[in-house]
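Asker: Sequence:
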Amino acid sequence: MTGLDRPTAEALIGARLSPRRRDHAHRVAAEAVVLAERHGAPRDKAELAGLLHDYCRELSDEEMLAAARRHGIPVGPVEARRPRKILHGPVAAAELLELGLDPEVAAAIRLHTVGDEGMSVLEKCIYLADYVEPGRDFPGLDEVRALAETSLDAAVGAAARLTLLDIIRKGRGVVPGALRLYNETHAGQ
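Under the working numbering, the sequence shown has 178 at position 178, and the numbering climbs by one with no breaks.
A couple of the hints might just be wrong.
SDA-like mimics (lysine to any residue), calculated; alpha carbons at most 25 Å apart, straight line [unchecked claim]:
1. Lys85 to His26
2. Lys85 to Glu104
3. Lys85 to Thr150
4. Lys85 to Gly177
5. Lys85 to Gly173
6. Lys85 to Asp102
7. Lys85 to Glu62
8. Lys85 to Arg38
9. Lys170 to Glu143
10. Lys85 to Glu98
11. Lys85 to Gly157
12. Lys85 to Glu37
13. Lys85 to His71
14. Lys45 to Leu97
15. Lys85 to Leu99
16. Lys85 to Pro19
17. Lys85 to Asp23
18. Lys85 to Glu184
19. Lys45 to Arg81
20. Lys85 to Gly188
21. Lys85 to Phe138
22. Lys45 to Ser120
23. Lys45 to Gly177
24. Lys45 to Glu62
25. Lys170 to Arg136
26. Lys170 to Arg81
27. Lys45 to Gly3
28. Lys85 to Glu95
29. Lys45 to Leu17
30. Lys45 to Glu104
31. Lys45 to Ser18
32. Lys45 to Arg20
33. Lys45 to Asp61
34. Lys170 to Glu62
35. Lys45 to Gly173
36. Lys85 to Gly40
37. Lys170 to Thr150
38. Lys45 to Ala178
Calculated from the structure, these hints are not laboratory results.
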């Protein structure tokens, strides 16, 4: 039992997210189900995490920082510069836990943007589903999608590498979790 069901999740995102963001959430949920079935994660939890992963994405920077403080979520210098992008997963996880969301689902939501070392199969599925959903299109994405067909770990590693390259190319700071994920997925290379 996940604590929150699909109709409740639909109502939550319907009340909070723009139509464009809701469409994205539905694509991520569908992709999460495919990845979960392929790689052995619980289907219902993957679908719910996909639907709810951006629950707090459209909060303002000020609202995001206030929510992070309220929930005791650490805010370093990188997070403080881009709170909506980096903190929406942890803030959503904290808020949804208060509404009764299953902790495994909340953990997948918490890590879906940045990732971290030691992620569960469910957490990897949500991280990857958000990355490869059909509405996305950028250089290297086809490689990650192809890898996801056969190896969840290889696909997550490729996504982590491409994400870091993009962050560095843009001259932005890297949060520790993203670096730990990259190091874990590239340790033997």
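Asker: Confirm or reject each hint.
Answerer: How the hints compare with the structure:
Note on Lys85 and His26: the hinted pairing holds, with a Cα-Cα distance of about 19 Å set against a maximum of 25 Å. Simply put, Lys85 and Glu104 have alpha-carbon atoms about 22 Å apart, close enough for the 25 Å limit, and the pair holds. Between Lys85 and Thr150 the CA atoms are separated by roughly 29 Å; this puts the pair beyond 25 Å, and the hint is violated. With a CA separation close to 14 Å, the supplied pair Lys85 and Gly177 stays within the 25 Å bound.
Annotation: proposed proximity of Lys85 to Gly173 holds, straight-line Cα distance about 13 Å (limit 25 Å). The hinted pair formed by Lys85 and Asp102 meets the criterion: a straight-line CA distance of about 23 Å does not exceed 25 Å. Under the criterion of a C-alpha separation no larger than 25 Å, the hint pairing Lys85 with Glu62 is consistent with the structure, at around 13 Å. Between Lys85 and Arg38 the CA atoms are separated by roughly 28 Å; this puts the pair beyond 25 Å, and the hint is violated.
The straight-line distance between the Cα atoms of Lys170 and Glu143 is roughly 21 Å, inside the 25 Å bound, and the hint therefore holds. Under the criterion of a C-alpha separation no larger than 25 Å, the hint pairing Lys85 with Glu98 is consistent with the structure, at around 22 Å. Distance check on the hinted pair: Lys85 and Gly157 sit about 20 Å apart at the alpha-carbon level, within 25 Å; holds. Pair hint Lys85 plus Glu37 does not hold up; C-alpha atoms about 28 Å apart against a cutoff of 25 Å.
Between the alpha carbons of Lys85 and His71 the distance comes to roughly 17 Å, so the proposed pair stays at or under 25 Å and holds. For the hint pairing Lys45 with Leu97, the CA-to-CA distance comes to about 14 Å; that is within 25 Å, so the pair holds. A distance of roughly 23 Å separates the Cα atoms of Lys85 and Leu99; the hinted pair therefore holds under the 25 Å criterion. The suggested pairing of Lys85 with Pro19 holds, with an alpha-carbon distance near 19 Å, which does not exceed 25 Å.
Under the criterion of a C-alpha separation no larger than 25 Å, the hint pairing Lys85 with Asp23 is consistent with the structure, at around 18 Å. A threshold of 25 Å between alpha carbons decides the hint, and for Lys85 with Glu184 the separation of about 23 Å falls inside it, so the pair holds. At roughly 31 Å between alpha-carbon atoms, Lys45 and Arg81 are farther apart than 25 Å, so this suggested pair is violated. Between Lys85 and Gly188 the CA atoms are separated by roughly 30 Å; this puts the pair beyond 25 Å, and the hint is violated.
A threshold of 25 Å between alpha carbons decides the hint, and for Lys85 with Phe138 the separation of about 18 Å falls inside it, so the pair holds. Distance check on the hinted pair: Lys45 and Ser120 sit about 12 Å apart at the alpha-carbon level, within 25 Å; holds. At most 25 Å may separate the alpha-carbon atoms for a hinted pair to count; Lys45 and Gly177 meet this at roughly 23 Å. A hinted pair counts as satisfied when its Cα atoms are at most 25 Å apart, and Lys45 with Glu62 does not qualify at roughly 30 Å.
A threshold of 25 Å between alpha carbons decides the hint, and for Lys170 with Arg136 the separation of about 19 Å falls inside it, so the pair holds. Note on Lys170 and Arg81: the hinted pairing holds, with a Cα-Cα distance of about 14 Å set against a maximum of 25 Å. The hinted pair formed by Lys45 and Gly3 meets the criterion: a straight-line CA distance of about 10 Å does not exceed 25 Å. At roughly 17 Å between alpha-carbon atoms, Lys85 and Glu95 fall within 25 Å of each other, so this suggested pair holds.
Proposed proximity of Lys45 and Leu17 is supported: the alpha carbons are some 20 Å apart, at most 25 Å. Taken as a hint, the Lys45 and Glu104 pair is honoured in the structure, with Cα atoms around 8 Å apart against an allowance of 25 Å. Between the alpha carbons of Lys45 and Ser18 the distance comes to roughly 23 Å, so the proposed pair stays at or under 25 Å and holds. Only pairs whose Cα atoms come within 25 Å are accepted, and Lys45 paired with Arg20 is accepted, the gap being roughly 23 Å.
Proximity of Lys45 to Asp61 is assessed by CA-CA distance (about 29 Å); at most 25 Å being required, the pair is judged violated. Proposed proximity of Lys170 and Glu62 is supported: the alpha carbons are some 23 Å apart, at most 25 Å. Between Lys45 and Gly173 the CA atoms are separated by roughly 32 Å; this puts the pair beyond 25 Å, and the hint is violated. Annotation: proposed proximity of Lys85 to Gly40 is violated, straight-line Cα distance about 29 Å (limit 25 Å).
Restraint check for Lys170 and Thr150: not satisfied, since their Cα atoms lie roughly 31 Å apart, outside the 25 Å limit. Between Lys45 and Ala178 the alpha-carbon distance is near 23 Å, which keeps this suggested pair within the 25 Å criterion.
In summary, the structure is inconsistent with hints 3, 8, 12, 19, 20, 24, 33, 35, 36, 37 from the numbered list given earlier, while agreeing with the others.
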